Structure formats: C-alpha cells, structure tokens
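Novice: Based on these hints, arrange chain F on the given structure of chain L.
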Amino acid sequence: DAKTTQPPSMDCAEGRAANLPCNHSTISGNEYVYWYRQIHSQGPQYIIHGLKNNETNEMASLIITEDRKSSTLILPHATLRDTAVYYCIVRPSLQGAQKLVFGQGTRLTINP
Amino acid sequence: DTGVSQDPRHKITKRGQNVTFRCDPISEHNRLYWYRQTLGQGPEFLTYFQNEAQLEKSRLLSDRFSAERPKGSFSTLEIQRTEQGDSAMYLCASSSQSTTVITDTQYFGPGTRLTVL
Numbered sequence: 001d002a003k004t005t006q007p008p009s010m011d012c013a014e015g016r017a018a019n020l021p022c023n024h025s026t027i028s029g030n031e032y033v034y035w036y037r038q039i040h041s042q043g044p045q046y047i048i049h050g051l052k053n054n055e056t057n058e059m060a061s062l063i064i065t066e067d068r069k070s071s072t073l074i075l076p077h078a079t080l081r082d083t084a085v086y087y088c089i090v091r092p093s094l095q096g097a098q099k100l101v102f103g104q105g106t107r108l109t110i111n112p
Numbered sequence: 113d114t115g116v117s118q119d120p121r122h123k124i125t126k127r128g129q130n131v132t133f134r135c136d137p138i139s140e141h142n143r144l145y146w147y148r149q150t151l152g153q154g155p156e157f158l159t160y161f162q163n164e165a166q167l168e169k170s171r172l173l174s175d176r177f178s179a180e181r182p183k184g185s186f187s188t189l190e191i192q193r194t195e196q197g198d199s200a201m202y203l204c205a206s207s208s209q210s211t212t213v214i215t216d217t218q219y220f221g222p223g224t225r226l227t228v229l
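Chains as they are written, first to last, in the numbering used here: chain L, 1 to 112; chain F, 113 to 229.
Just chain F, same shape as in the assembly:
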C-alpha cells in the first residue's frame, strides 16, 4: 500500500511533555496538509506545505506547535508543553499539484491519536 502513513498511531503523554508526529505522504505528492480532529467534530485545518515551504498556518496553530518538511518529503508536527486540550486526532493529507487539473484531491492518512493526561 502506498498511501499516506503516520507514526505513531497512538500516543499517550503527560501534560507538559513534548511530542512529535511523523507523516509520510504518497510518493511524489508535493503538497502536505495537517489537520486536527476533536471528538465529535470534523477535521480542522492546521497548516500546509508545498514542497518544503510552509505556506499557510491556521490560527489554531499556537506557538507551541511547529511543523516541518525539511526535504519536501516526510513532515513532522511537534507539540511542546502539551496541554489536555491538545488531545485529539492529528491527521495528515497529501496531494499532487498538477498543471492540467485545477483542483487537487487530498488523500488522508490514518491519523495519530494523542491523549494528554
């Protein structure tokens, strides 16, 4: 299967600890998105990259959050000094920019479920 992969699938941490999640997009997809989903809600956009450039960040992405995509392939999302309100599913999606198709379709990974105690 060559879909979007995320690691770890589950993470339990104590308040105040730092956590890092990894996302591997579909091969050759140059766009990568991060979303967050809390219980009972639809996913909410956090940030996106085109190649290695981070081009948009949501207001949801506080100073404690940082995302990188150093070589334009995999991406990491780090949360520093976690709070209980950070408990959520963190979803990654990727898409391919095309010169012939105007709209790009995003394909999601399985998500990382974070629980902050």
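Just chain L, same shape as in the assembly:
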C-alpha cells in the first residue's frame, strides 16, 4: 500500500505557482520522497526527490518539513503543459533495487 496521502485534485491558474501537498506521516528515517507526474496517456516522468533537505531542479522545488511527515512540490510558474497527475512516493534508501508504490496521486489542472 502507498504510504502517502495526496488530495485527489487541484486547480491552478497559468503563470501562478502550483503547490502540491503530500502527507507521509509514517515515513522512516531512511526513506526518500520521490515525485513523478504522468501526463495523459504517457509514462510517468521523474520530477525530483529528497531525503530531508529542500531540493530544487529545473522542473520544480521540493520542500520537506523538519519532521519529514509532509512535503510540498512547487511548480514555480505553472503552464498548461503541467496539467497531469502528480504522484508522491516514499521509498527506502536501501542499496537494492526498490519498486515504486504509486497511490492515486493528485490530478492538477492548470487553467488559462
């Protein structure tokens, strides 16, 4: 079972920042937070991941609370192409390969 809770849907205006929350209150100390998104009829696309520090890349920023029980993915200037289902996943940082356990995700709609 997925270890995360996300709102089923969100809306955001084009050009605004989209803030997608994720609750992972049972996260363990060695588990990473991963974000993927899936645009309709395509494969999931990796966005970003982090352990405890905030992370930023060319796609997004990831803010993890100090207690690590929740996080927020930020798309700083949302465009229509950011409309997708966004998945928050927790995953152990073990050396072996680890499958991804997807939940239902958040369906983000960017409105013009």
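Take the hints with a grain of salt, since some may be wrong.
Computed from the model, here is a short list of chain L residues facing chain F with C-beta under 8 Å [what the hints assert, rightly or not]:
1) Q42
2) G43
3) P44
4) Y46
5) H49
6) G50
7) N53
8) Y87
9) K99
10) F102
11) I110
12) P112
By construction, these hints were calculated from the structure, which means they are not laboratory data. Every value quoted in this text rests on a predicted model; they were computed, and no experiment measured them. Built from N, CA and C at the ideal position, the CB exists for glycine as well.
Specialist: For chain F alone, kept in the frame of chain L given last:
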C-alpha cells in the same frame, strides 16, 4: 532521444491470443522494471531485473505472464491466453545501480496500451 523505448505503443488482440511487448532501457542501465496501469489507477509493480536476473515478481504476475531479459539489455513481457482483465497500460522503467548513490531513480518509457477484445 536516448530514453526508455517500448514497442508496440498500442496492441489490440482477441481473448485467448498471446502477446509480447518489448522494452529497451536507457543505455547502460542495469535495472529494468515492468509495471501495469489500469484506467484511473497508479502503476503497479510487476517484476524487475538486475542485468539478466529476474529478482522479484509481484503476485500480480500470474502464470500466464513471463518476462525475460536475455542479455541484460532489452526485455520482453509475454502474456499467454490473454483475458479481458489484462487490458491495461504496460510500463517499463530502467535505472542504474551506482556504488556512490544509494537510491536509484527510475525512468519510464511511454508504455504499451493493450486492449483485449
């Protein structure tokens, strides 16, 4: 583009027929994963390979399903005697085991959409 590729992108078949899908991972990625995604749901893990060894299989992978990765490069997923419940998107992902990075990031292909009539 040197991402994960899958072939075919779409497959329509009749119940009872066998189908085979192919996945070509990112070059030099030694880990390869198969997932299945039904309408409205997130992807579900089926199996994974490290090089040519199949190291884990989900309970979802019934006896009618078989996956191979004969030379540690591309992989095939075969479904025998297809059923209507097999209709889904079949996704492949690959990653690279690293001695310096603890967690490996999986990169997905575009998927193969199977419709069983």
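Novice: Decide, hint by hint, whether the structure agrees.
Specialist: Hints and how they fare:
With a cut of 8 Å, the hint placing Q42 of chain L at the interface with chain F holds, because the nearest CB-to-CB distance is about 6 Å. For G43 of chain L, the interface hint holds, since its Cβ comes within 8 Å of a Cβ in chain F; the closest pair sits about 4 Å apart. Nearest Cβ of chain F to the Cβ of P44 of chain L: about 5 Å, under the 8 Å cut. The hint holds. A least Cβ separation of about 6 Å between Y46 of chain L and chain F falls short of the 8 Å threshold, and the interface hint therefore holds.
With a least beta-carbon distance of about 7 Å to chain F, the hint placing H49 of chain L at the interface is held under the 8 Å criterion. For G50 of chain L, the suggested interface contact is broken, since its CB lies about 10 Å from the closest CB of chain F, more than 8 Å. With a cut of 8 Å, the hint placing N53 of chain L at the interface with chain F is violated, because the nearest CB-to-CB distance is about 14 Å. At its closest, the beta carbon of Y87 of chain L sits 6 Å from a beta carbon of chain F; the interface hint therefore holds under the 8 Å criterion.
Nearest Cβ of chain F to the Cβ of K99 of chain L: about 4 Å, under the 8 Å cut. The hint holds. At about 3 Å, the closest approach between the beta carbon of F102 of chain L and any beta carbon in chain F falls short of 8 Å, and the interface hint on this residue holds. Because the beta carbon of I110 of chain L sits about 20 Å from the nearest beta carbon in chain F, more than 8 Å, this interface hint is broken. Of the supplied interface hints, the one on P112 of chain L is violated, with its beta-carbon coming no nearer than about 25 Å to a beta-carbon of chain F, more than 8 Å.
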